[in-house]
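Based on these hints, arrange chains A, R and D with the ligands on the given structure of chain Y.
Chains as they are written, first to last, in the UniProt record's numbering: chain Y, 1 to 309; chain A, 1 to 309; chain R, 1 to 235; chain D, 1 to 235.
The hints are all genuine.
Straight-line distance between alpha carbons at most 30 angstroms, and here's what the computed BS3-like set of lysine-lysine pairs gives:
(1) R:Lys-7 to D:Lys-38
(2) Y:Lys-209 to D:Lys-183
(3) Y:Lys-91 to D:Lys-216
Anything over 12 angstroms on all C-beta distances counts as not near chain D; from chain R, calculated:
(4) Ile-2
(5) Pro-122
(6) Tyr-167
(7) Gly-172
(8) Asn-184
(9) Thr-188
(10) Met-196
Please keep in mind that the hints were generated in silico from the structure rather than gathered at the bench.
Note that the Cβ used here is the ideal one computed from N, Cα and C, for glycine as well.
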Amino acid sequence: MGVDLSIDVFGIKFRNPIILASGPVGFGFELMPYLDFSNIGAITLKTVTLKPREGNPPPRLVDSHGGVINSIGLQNPGIEGFVEEIAPRLKELKTIKIGSIAGFSMDEWEILGEEMDKIKEIKIIEINLSCPNVKGKRRWAEDAKLTEKVVKIVRKLTGKPIIAKLAPDVTDIVEIAKTAVDAGADGLTIGNGAQAMRIDVETGLPILKLKTGGLGGPAVKPITLAKVFKTREALDVPIIGIGGIMNWQDAIEYAMAGASLLGLGTAVMVDPEAPVRIIEGIKAFLERKKIESFNKIIGVAHKGGLNVH
Amino acid sequence: MGVDLSIDVFGIKFRNPIILASGPVGFGFELMPYLDFSNIGAITLKTVTLKPREGNPPPRLVDSHGGVINSIGLQNPGIEGFVEEIAPRLKELKTIKIGSIAGFSMDEWEILGEEMDKIKEIKIIEINLSCPNVKGKRRWAEDAKLTEKVVKIVRKLTGKPIIAKLAPDVTDIVEIAKTAVDAGADGLTIGNGAQAMRIDVETGLPILKLKTGGLGGPAVKPITLAKVFKTREALDVPIIGIGGIMNWQDAIEYAMAGASLLGLGTAVMVDPEAPVRIIEGIKAFLERKKIESFNKIIGVAHKGGLNVH
Amino acid sequence: MIEAELKEKKISKDYGFFTFKLYGDLENPEAGQFVMLKASDEPILAKPFSIYSYKNRELTLFIKRVGRLTGKIFSSPIGEMFYIRGPHGNPYIDLIDGEKQYILVGGGSGVAPLNFFSELHPAMVYEKLYGFKGSYIRELFTEKEQKNLIIEEESEKTVVDVLKDVYSEEIGILACGPVPMLKNLPATSYVSLEAMMGCGIGTCKSCAVKTKKGVKLVCKNGPLFRKEEIIWEWI
Amino acid sequence: MIEAELKEKKISKDYGFFTFKLYGDLENPEAGQFVMLKASDEPILAKPFSIYSYKNRELTLFIKRVGRLTGKIFSSPIGEMFYIRGPHGNPYIDLIDGEKQYILVGGGSGVAPLNFFSELHPAMVYEKLYGFKGSYIRELFTEKEQKNLIIEEESEKTVVDVLKDVYSEEIGILACGPVPMLKNLPATSYVSLEAMMGCGIGTCKSCAVKTKKGVKLVCKNGPLFRKEEIIWEWI
Ligand SMILES: Cc1cc2nc3c(=O)[nH]c(=O)nc-3n(C[C@H](O)[C@H](O)[C@H](O)COP(=O)(O)OP(=O)(O)OC[C@H]3O[C@@H](n4cnc5c(N)ncnc54)[C@H](O)[C@@H]3O)c2cc1C
Ligand SMILES: Cc1cc2nc3c(=O)[nH]c(=O)nc-3n(C[C@H](O)[C@H](O)[C@H](O)COP(=O)(O)OP(=O)(O)OC[C@H]3O[C@@H](n4cnc5c(N)ncnc54)[C@H](O)[C@@H]3O)c2cc1C
Ligand SMILES: Cc1cc2nc3c(=O)[nH]c(=O)nc-3n(C[C@H](O)[C@H](O)[C@H](O)COP(=O)(O)O)c2cc1C
Ligand SMILES: Cc1cc2nc3c(=O)[nH]c(=O)nc-3n(C[C@H](O)[C@H](O)[C@H](O)COP(=O)(O)O)c2cc1C
Ligand code: FES
Ligand code: FES
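Here chain Y stands alone, though its shape is the one from the complex (with noise of 0.2 angstroms):
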C-alpha cells in the first residue's frame, strides 16, 4: 500500500521531497558510502562563487542551544574548477543536481550563470542572495533592488529553473520574494542560516573570526517556518522549505505551510542517514493518515487543515 511523495515542480518529477541544502553535504561525494542518493529527491550543490575561495579562518562552526552557527566563508574550488574537476563528475550522484551560485557583482552573477547553464547535469539553479558569511559583503536577499537586479540577470542567461535563496531574517520577506518571483525566479528557497554570534567569555571575543555566522537547526525552524508560511500565504510559486528539519514531524511541518521541496543542512551534517529516516517518517505518517500522496498536504495549513480534505 504505498503512498506517493512525489512532485513534480519547476517542470521536473522529484522522487520525493527531500533534498539536500547546500553546504553541508559540498558536492556529495564525501557522502556516498553513507548516504544511498538514489533515496533522495535532489542534491543542492556546494555554492559555487567565480573565483576559488579558501574559506574563512577558524573555528568556522559553533554550536549554541538547539543550533549551529557557521561560517565557512564559501570555501569552494571557483566555477572553473567546479566546471573542470566537479561537473564531469556529477553524474556518479544518482538524483537530481541543483547547482548553487553566489556572485559578489552583476559582473560575476553573469558568468556563474552563463557557465552553470551550459552544463548538463544540472537540472536546476539556485542563486543563493544570502550567504551571511562572506567579509565586507551585504546580503543581496536583504534589499528588494539589488534581488530583482541579480534575478533578472540570471533569468536572462538561461532557461533552465531558478531559485532565489533568501535570508529568513529580514523584516518583510514577502516583499523580497514578490520581487524575485516578478523578476523572472521560477522559485523560492526559504531560508539560509540567521545571521547570529557567540562570544567566549573566557576572552571577552567573538567566537568566529567575522564575528557573525548563519545559524542553522531546530532552534531557528519556527522562526524560518513562519516565513515560509507568510511567502506561501502571498505567492503561488514553489517553495523549497529549509531551516531546522531535523525529524519527520519537522518535514510535514513546513510542507503543510507550503514548502514542495525540504531541504537538510545540519541534519544530514550531524547524521548522514537522517534524509532516510525522515522519508520513512513522512511515508508512515501519510499511510497513517490515509493520504494517498505527499502533493496533498502541501499548503494545507492556509486551507482549513487535514480534515477538510
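The following block gives chains A, R and D with the ligands in isolation, referenced to the frame of chain Y:
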C-alpha cells in the same frame, strides 16, 4: 572580596544588571514568594494598553527546541485598572520598577505616556514597539518612521527616561535603533520575541490561533546577541539585552556585546530562582577573572576583549 | 528548583508510574496541586504534572507519554536527574463543597490527582471511576486498584456511561481527564482543567480559561472549576 | 548512527574513561580514527572523540570535560543512550613512515589515540610520554600505565621537557595534545590536530587547517599532519 555589580544608567543606580523582562512575571506580585526582589536590578512590568485586554484564546504557549513561542496577546487590566489597582501596590516590589506601555494609535500612546509619567513608583518607561502577538497589528519597530513618531510623542510627555523595545527580527536593527535614539529614547531594549510558528501535524493547522507568536528562549540567543553587538557598534546608548539568557554565561555574553542591563523572560518563567543563580554566576566569574566591577566588561567584545584591560 | 532523581519506573505502553527522590521538600502538598517538572536541557519549559502521591521526599507521578518531555521521562534510565518545583495550584479540598461525598471520575492521566485525593481524604470518596481505553493498563495497578478501572476495550463503556448508573444529585463529582469527557458531565461537577503552562504560579498568563466571570488562570485560580462556569467554546 | 549505551564510567575531576556498548559494529577501527558522538538531544552536533580502545562492540573513550556535550557525558547515569558513527579520519599508520619507531607524545585527552596505537602496533612504539597537569589523574590508570605519566605538578616538567632527554633523529614522534605542546615539537613530528567539526567526513568544510599545500581538512586529510607543514598562525 566583593565585586561591584552595580551599574549607573539612565541616571539611576541599579544594584545589579539582572532585571526581569516585561511579561513572563506579570506585575511581579505572584513571584514574591519565590524570589526576593531586593536581589535583582529591576523589574519591567507587564505591558499595559489603553483598554483592558483579555488576551488571545488558548493555547497561548507552545514550546519548540530551545524555545517557547508565546501568544498571550497582552492580557492586562488596561491603563485605568493599572493606575487604580496595580500602581498603589508597586512599592511592595523592593526593586526599581520599569513601566511598559503599548499603544495601537498615536492617541493611545499619548494617554499611556501621560498616565505612566504620573506614577511615582515607575522610574523608567519602556515603550513596547515590538509585541508580536496582537491580531492585525504590524509591529511599530518594523518601520523607522513609525518608531520615530511614537518615541517623539512619548518623549514630549515625560521627563522620565524612556526605552524603546525593539524587535530582533528586522533587516536593519541599527537603522531603527538610531531613529529611536534620535527621536529621544534614552536607551534601547533588544529584543522581543521573534515571529515564529508551529503547525500541529495531526490537524494540519497552526497551533496558535493567531498563527504566529513570539519566540524566546536560548534558541534565539545568538540572533539577538548579534543585534545587540551591531547596535552597540553603531551607537553609544544603554542597551537592555533580552533574549534567551538562561545562565550566567549567556548574561556575560550580552554584557560583552554591549548590554548594560540583562533581562530574563523565559528563564524566570521556567525557574523563579534563575535570577539569583545567574547573579551568583556573574559574581563568581568576575572574582575568578579578578575584575572588580561588572561595568568593566560591558562592551569589551568591541574593545579587544578581556585581556586588553 | 529541587533536584529530582528518577528512582523507579513502571511502564505499560504509553502510561507509566515514575517515582522521584527529591533533594528537598515539597511543602504539604495537597491533592489537585501539581509540580512543574523540568528536564536538564530539552525541553526547556517546565511542565505541570499532578501529584499522584508523595511521602518522605518520594514523589510519584502518573504520566501519559504524549510528546517531548514525557517521551524523555519514559526513556530515561534510572538515576536521571530532573528538576521540580511546587506544589502549585489550589488544593481541590479548598475549592469544593466540604460537606459532600464525591465520585472521582478520572480519564487517563487525570487519575493522578484523584488518587492523591483518595489517599488524603478517603472519607470524602463515594466511588472511584477511572476510565482507560485499553486493557494493557491493568498491569500498572494492583488487583485492588483494578476494581476501579473502567476499560472501554473490555466493557464497551466509558466512565461517563458508568457514572450515569451511580450518580445522584446529592453526591458531588470531582473529575479530571480529557475535555470531551469533562464536557459530558453534569453541570454542577467540579472539573480539573489542563492548559499549556509557562510559569505555573499566575504571572505569565499562559494558562487562560474563559469563565462566566471572565478570563481565569488554571494555575492560579484552578485547576478545579465548576463545569457550568466554563465557556467551553474558547478552549 | 549506532546506538551507544553508557556502560561504565571512571572519573577523576575533569578526566574520565567512558565505555559504551554499541548496538552495531565499528568496521576495523584503527588508531587515530575517531567517532562522532551525539547526545539524544542537546547539543545537536555530533562531536569527535578518538578511539581509546575498541573490542567486541565495546568502545572506550578518554574524555576531558570542557563544555556541553562532555559535561553531559560526565553527568549521565549508566544506561544513558548516545549515538555514534565512525570510524572517521585516517589511521595514523597510513600516514606515518612505516619503517620507524615512535615516541608517543600525548597531552591530556590527546592520550586517547596514542593508547589505541600502542595497543594495535606495540612494536612501533619506542616510548610513551603522557603529560598531565595534576596528580589526580593517577587514579584513572593502572600502576603499569602510570609509568608513562609525566605530571607537571609532581616533576615540574612537561612532556616536551622530558622528550628532549630521549629524542634522537632516527626516532619518529607521534603526538596528540594541545596546540602549545604541538608547537614545541621538532619540525618532523607527526601531530594530530583538533578542529571544530560538523560532519567528520569531509563535506562541510568546518575543520579547515592551513598547510603549505593549501587549506586541508582535519577529518578528511588528517587528523595527522607533519608539524612543519602546518601554518600555525591561521589556527
Ligand atoms: C494542572 C495540570 C496537571 C497535569 N497533570 C498531569 C499528570 O498527572 N500526568 C500527565 O501525564 N499529564 C499531566 N498534565 C499534562 C501534561 O502537562 C502534558 O502532557 C505535558 O505538558 C506534555 O509535555 P510533552 O513535552 O511531553 O508534550 P509536548 O511535546 O509539549 O506536546 C505533545 C502534545 O500534547 C499536547 N499538550 C502538551 N501539553 C499539554 C497540556 N498542558 N495540556 C493539554 N495538551 C497538551 C500538545 O498540544 C501536543 O499535541 C497536566 C497538565 C496540567 C495543566
Ligand atoms: C579528531 C578529534 C579527536 C578528538 N578526540 C578527543 C578525545 O579523545 N577526548 C576528548 O576529550 N576530546 C577529544 N576531542 C575534542 C572534543 O571533540 C571536544 O572537546 C568536544 O567537541 C567538546 O564538546 P563540548 O560540547 O563538551 O564543548 P563545547 O561546549 O562545544 O565547548 C567548550 C570549549 O571547548 C572548546 N572546543 C570545543 N570543541 C573543540 C574542538 N573540537 N577543538 C578545540 N576546542 C574545542 C570551545 O571553544 C569551548 O571553549 C577531539 C577532537 C578532534 C577534532
Ligand atoms: C556548514 C554549512 C555550510 C553551508 N554552506 C552553504 C552554501 O555554500 N550555500 C548556501 O546557500 N547555504 C549554505 N549553508 C546554509 C544551508 O544550506 C541552510 O540554508 C542552513 O544551514 C539552514 O538549514 P538547516 O537548519 O537545515 O541547517 C550552509 C550551512 C552550513 C551548516
Ligand atoms: C509569556 C510571555 C509574555 C510576554 N509579554 C510581554 C509583554 O507584555 N511585553 C513585552 O514587552 N514583552 C513581553 N514578552 C517578551 C519578553 O519580555 C522577552 O522580550 C522575550 O520573551 C525574549 O526574552 P527571553 O528569551 O528571555 O524569553 C513576553 C514573553 C513571554 C514568554
Ligand atoms: S502558567 Fe503562567 S499564569 Fe498560569
Ligand atoms: S568536519 Fe566537515 S569537513 Fe571536516
